[in-house]
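Enquirer: Protein chains in written order, with our numbering: chain A, 1 to 355; chain B, 1 to 322; chain C, 1 to 509; chain D, 1 to 357.
Bear in mind the hints are in silico, worked out from the structure with no lab data behind them.
Every residue gets a Cβ at the ideal spot worked out from N, C-alpha and C, and that includes glycine.
A hint or two may mislead.
As the list claims (entries may be wrong) - Result set (DSS-like, lysine-lysine): computed pairs, CA atoms no more than 27 angstroms apart in a straight line:
1) Lys57/D with Lys232/B
2) Lys191/B with Lys207/B
3) Lys38/B with Lys156/A
4) Lys229/B with Lys181/D
5) Lys232/B with Lys181/D
6) Lys191/B with Lys181/D
7) Lys156/A with Lys191/B
8) Lys57/D with Lys230/B
9) Lys181/D with Lys230/B
10) Lys191/B with Lys349/D
Claimed, not checked - Covered, in the sense of this in silico footprint (three residues per stretch, anywhere, with C-beta under 8 angstroms from a C-beta of chain B), are these stretches of chain A:
11) 255–261
12) 313–324
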Amino acid sequence: MTTLQATTRSYVAHEYPLWRRLLLTRETAIIAVLVAVVFYSIGNVENFDGPLTLTYLLLDTAPILLIALPMTLVIVTGEIDLSVASVVGLSSVLLGVLFEAGYSIPVAALVAVLAGVACGALNGFLVAYVGLPSLAVTIGTLALFRGVAAGLVGTKAVTGFDDRWTDLATAKIGATGVPVVMILFVVLAIAFAFLLHFTSFGRGVFDIGLNSEAAHFTGVPVERTKLILFVLSGAVSALAGVYFTLRFGSARGDNATGMELQVIAAVLLGGVSIFGGRGRLHGVIAGVLLIGVISSALRLEGVTVNVTNIIIGLLLVASVMTPSVLAALSGLASRRNNRGPSPSSAPVGVGTQER
Amino acid sequence: GGDSESADGGDGGSSSEAVSITMLPKNLGNPYFDTSTKGAKAAATDLGDDLEEVGPETASPDAQVQYINTAAQQGVGALIVSANDPTAICDALNEARDAGTKVVTFDSDTDPECRDLFINQATAEGIAKVQLELIAEQIGGSGEIAILSASANATNQNAWIKMMESELESNPDYADIELVDTVYGDDDDQKSFDETAALLQSHPDLKGIISPTTVGISAAARYLSDSDKKGKVMLTGLGTPNQMREYVKDGTVTAFALWNPEDLGALATYAADALATGEINGDPGDKFQAGDLGEYTVEEDNSVLLGDPFVFDESNIDDFDF
Amino acid sequence: MSQPTPATGPAAALELRDVAKAFGAVVALRSGSLRVEAGSIHALVGENGAGKSTLVKIVAGVHRRDAGELLLDGRSMDFGSTAESKAEGIAVIYQEPTLFPDLSVTENIFMGRQPVGAGRRIDRAAMHTEAEQLFRRLGVHIDPRRPALGLSIADQQIIEIAKAISLDARVLIMDEPTAALSGVEVERLFAVARSLRDEGRALVFISHRFDEVFDLCDTITVMRDGSYVDAVRTADTDVDSIVAMMVGREVGDLFPKTPAEIGETVLKVEGLSSTGEFHDVSFEVRAGEIVGLAGLVGAGRSEIARAVFGVDRYDAGSVTLAGRSVKPHDPRSAIRAGMAFVPEDRRKQGLVTESSVARNISGVIRGGLARAGLLTGAAESRSAAPWAGRLEVKTGALDMNAATMSGGNQQKVVIAKWLATNPRLLIIDEPTRGIDVGTKAEVHRLLSELAGQGMAILMISSELPEVLGMADRVLVVCEGRITADIPRDEATPENVMRAATRSSQEAAS
Amino acid sequence: MSDTSTTHALGHDAAVDRLVEPSRQSPARRWFDTVVRSREMSILLVLIALITVTTVKQPNFLFSANSWRDLLLTPAILLILAAGQAVVIITRNVDLSVGSVLGFTAYLTGRMFIDFPGIPIVAVIAIGVLAGGLLGLVNGMLVSFGRVPALVITLGTLYIYRGIVLTWAGSNRINAGDLPKDFLRLGTRSVLGIPILFLVAVVVVAAVGYYLYSHRGGRELYAIGSDPDAAVLYGLRVRRRVLSAFVLSGALAGLAGVLHAARYGTVSSAAGVNIELEAVAAVVIGGVAIFGGSGTVWGAAIGAILLVTIDRALPILGIPDFWQRAVVGVLILGAIVLDRVLSARQARKLIEARDDS
Ligand SMILES: Nc1ncnc2c1ncn2[C@@H]1O[C@H](COP(=O)(O)OP(=O)(O)OP(=O)(O)O)[C@@H](O)[C@H]1O
Ligand SMILES: Nc1ncnc2c1ncn2[C@@H]1O[C@H](COP(=O)(O)OP(=O)(O)OP(=O)(O)O)[C@@H](O)[C@H]1O
Ligand SMILES: [Mg+2]
Ligand SMILES: [Mg+2]
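Using the sequences and the accompanying hints, generate a full structural model.
Expert: Listed below in structure tokens is the structure:
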């Protein structure tokens, strides 16, 4: 008997106990793998336990760690941003050109980041408001931003940034081998984790990824949210570009070419669903570090970069395949007693957006 | 007779422990560096050192830095580098040196303060001079010429190009020769090939091309060899005999220059060993034995000069195999 | 509650025995049974959500049955894909048109079976002529060369019919083919259907319109809550007994409408128009009033509702809520003004099914739940629990996915989500589509209770009994125009249907 | 009936008529409309304009034996890749691994000639195509059975295939000297002033285009891309079709690899890096909707030629070719925006037509 007077019926908040909700997750699995790989390497890879390892690992993965943060949110909404590495290149070049023109690093960096915001805004506008597929748009801007970067400096490099800044980029926190740039990362990571997991905006991000129509019907500002995310992605990528430039003390049009693939690979590896709607930041961070540790260990073993690429590729494919493989297996199991999901279903197309 | 030299190379107390050397060329899959590594490996065996070649797929400094870092982590005795960017890899090199690794640059130098020794394949003057002489002779002393270089921020390439430009300005013999364009093939075979095509197109009256990079000259030669410009547009520069042989034979190219990359790699390795074993510390005036290459002396700005470039042509090309 | 299956005589063209299918926790089909003889037209009736379409999709091989038997001419079948059922001569017209918008009408009909000439080259000329013949047979004029994109739902339905006929199948199943058709089009369709029957084919016809069912069909199978109820010859029965079987109880107590006193105007819609959807729509809804929006499927009622709430754009007109004008195409402004919208399609529009019950219920108000900008799952559960309780949502825990719940409970969650915003106007599109009879009654009781408390309610429904049973006033929509405004006591099935098909019949005559 | 009357119903404007009732037009008129108003035609015009402008600025961009040859020769390989990519994209998928596949077969080709001296060229080509098809098969399997977006899968295989090439080739490369003269001639010779490579490309494009236009399989690919779920309901063999689309794309990439070796003589492990983006760009610029269902291989082909020609024209037009990628980017964005605008306009026309009918 339904009535609007409060009733006796009450509900438990959670189906499963806390430990289950924490431990039996994709994220925990990735973290476990990460830990395992680290310990294995310490045990079996010569010099991996050396003091420099951590420093170099973090220095190398810092840009990917940074970009992975906004990329996670973008992919959770079911979109994708392939242009991030080109934004890195563009901001790097802008930093260099402005520095050559005599501007101070902070000013140049600020302009570079603003440029990143503009790049993100362009992506976001075309995707959210014009309604174009983000895959196509960002393939286009990938070429565009990289082209502008290359156009500005050709294949020459701007170097000779003053040491105060280049040293800062590689400086360590006191005696710990941890680079200073990690402070920036930790701050951003906390901010993004808060945004994604503990705000109404973040809930909207997930809703859009799971069912953007329903999100629209419940008053989630779908367009604006997507725009904001692409802008964030552009800004952080530009920031990463500044770091990248200062770390190598050289601004080149081809800086960080192909990094978008590493970022996306890491994000998906970290348990974010390419279909959108699923993913946690700590998983992503673990994913980035996992790739970083593996390549670092392999380099120490003298394994060439190509093998590393194969492994990253396999990891990527494996990580996205596992859910469907499991589903298929259970499907087969149930198929025998004549149950199972819709038999023939269309392969999912580009990205995850609907027309 | 390698033995006697290796004995010499060995004195200075180095014969005791084997030095671990990492060889880091601009990128892998580049025949020029394959050859220099070949020489380095030979020298290493001669010295009883163990030498490992690592390197990025593409000639970019950030990729190179990771390998320098790794070398530092491994604490190798010496690191032999051909720099993709004079500054970008400096910090990494210095960190490696702080970790006790000796750094020898070859082929393409870094800023002097980031390395212990630079093995100079030939002076910029020498290279510029020989290439200009060759092209001038081939085009009969007058006409438009262009340069097909590697990447626009390859230190050595730019140094040579600058030299050639000033030489063209100053030297009266080259008064009628006009340098109309400089294009970049990024040491990428396909790009160099297409750049050559574009070059001939935008400059119909082109008489000659100088390509001071082995990838570039062979790509350019291949394009010319079956174009109607074959024999009309002269091509010279720096190339390896094996790559150029057929084009010299079919008349696309009359003569080109190069030092012997094999010797270059070898010399770099002997130097690295000498540094690592403390036989020298890279100061001007230091002398060291480089196997059967003989004795070398460290010059000003801590560099060692391999020698004058060598000109290959129809008559002598078959005597070489690299 | 499943009765014994129909008497088994000589092998029927198509027969299903106690077929079951569940989607997660949603049991779409408990024990569906159906027996269709060759050379006959068989009606399959049942309320929304009775499981008719699911049954059809199992025959077609879209879904795999969890249990039960499927027999063709006595041979047991297990279709792994629609291709297989097609190969067995089964043609299906699905409830929702499934066309390829980019391709021409003709290609849509002949895809995969195009007439080919030398070198297996498609013979387009022949294909177009065939299409034209089909359309002539159906007595409609659609250009075979035009793209399917932008066809009206009616035309899309006709293409589907042409497609199915051209297959010249042994078994032809039509899931609500007439829902969007005008009288004339329906008549032509029936003519074709009869001729097919006389050719000795077996036809299954699904419809909510009894006049059609009794006009066309030889036998009727009734379903309720995913189960077979009974199969009767049309000759031996009448509408009331069929309805009784469908609903499982007297129709009366399904619609506990308690009269509430009507207050001042809450919603005012003026001259609302949207190209291709609806034109110059004006109406009012007052406090305590339930206004029913009736019409054929595809009439544009949902579009009107969506435009009013702001999820769709509109070209002209204005929407005012309690004196406040509502920004066009801005659901947030509508929500702020006190509007709530329970949409037509629960799984696609109403819920984020992959998200938890708690998050769904607190979905609209969560902005206000944040403490110092920090929104926690605990806060969400705390605010969701009472509403889940009040609507007696049946779920284990609040963090279970809404997808795991039955259609009825999902609908309760959607309603709870909107009541949580305590709105002045509730727009509810197809409030009871696809939910069991029990829940249906609850929802109706809830609606009249809300009205009683002075809430204004705009209810869209394709079920005449529901409209007539619940509404204080019935607005009839036909081809995007409001063609009648009938007060409760004057509303009859006849005058509503007349208004719902008026203009199309004018067009025909 | 249809061809006789060209009379328009009153109040209908011609544009709407063309959409809603093409049969009212005379066949000739229909042909005119489909050809002249097509997306392909507009790109072709852009291409012609570009060539004209460049040639005016630098006459021997067109009028010299070599430049004419290069004009056709340079795009040949991208043409072949674009043909395969178009087919995949028409099914609402994408194949980012073509560049790596190209690299793989290019190196394989060289190895063949080195390891089996005197092996017939035909055999090598066949092997190259087969190898490519095999790699494509892997993609197709993963996509159609793994239920994972092609974007991710082929992103992964892009890494993997390239990695395999790099490991296999290491630092040794194929030099022109290692390849038989006749094979190299394939890459550069012309018959009747038309380069052999271009002829091959044209044949490929023509064959694929013909299949897509007038074979059931081809039409099904469009149907699948137009609405995958409807395709399933309709009973099309979606998985098999998508699978074969990827196999085709792979096989063509394989062929492209062989021809790459013939054209450039030298094959390093980096052959074909980043070319996948150009292929996708060519297809999108050529008017194939990135969400499948519409577009033609012809368009993709013209798109490819346009891309490459821009690349060669820029330096002559005085724009440093560093800007080339920027131009490409602008073209891609322009193309998809244009498509969106056009389709939106068409949809609106059709709905209006529905209204006042
Ligand atoms: N794919 C699905 N996933 C989950 N539940 C589903 C699915 N399809 C149908 N259902 C549920 O199964 C029940 C029966 O649906 P079905 O469409 O068969 O009813 P119906 O008799 O066709 O109703 P209508 O007369 O409105 O077409 C409904 O409760 C519906 O919500
Ligand atoms: N696929 C479509 N193509 C073209 N027009 C469509 C399409 N679907 C709906 N419409 C238009 O939208 C309206 C039909 O939408 P809808 O079916 O929601 O109307 P409705 O009255 O709400 O019917 P119901 O709620 O019973 O489904 C009609 O104006 C129809 O012309
Ligand atoms: Mg149904
Ligand atoms: Mg509706």
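Enquirer: Hints first: check each against the structure and report whether it holds.
Expert: Hints, verified against the model:
1. Lys57/D with Lys232/B: Between lysine 57/D and lysine 232/B the Cα gap is close to 24 angstroms, so the pair holds against 27 angstroms.
2. Lys191/B with Lys207/B: The given pair, whose Cα atoms are some 21 angstroms apart, holds under the 27 angstroms limit.
3. Lys38/B with Lys156/A: Between lysine 38/B and lysine 156/A the Cα gap is close to 30 angstroms, so the pair fails against 27 angstroms, i.e. violated.
4. Lys229/B with Lys181/D: holds, 19 angstroms
5. Lys232/B with Lys181/D: Holds, at about 22 angstroms.
6. Lys191/B with Lys181/D: Distance ~22 angstroms between lysine 191/B and lysine 181/D Cα, so the pair holds.
7. Lys156/A with Lys191/B: holds, 16 angstroms
8. Lys57/D with Lys230/B: Within the cut-off at roughly 25 angstroms; holds.
9. Lys181/D with Lys230/B: holds, 17 angstroms
10. Lys191/B with Lys349/D: Distance ~47 angstroms between lysine 191/B and lysine 349/D Cα, so the pair is violated.
11. 255–261: Our answer is that it holds, as 3 residues pass the Cβ test (under 8 angstroms) against chain B, meeting three.
12. 313–324: violated (count 0)
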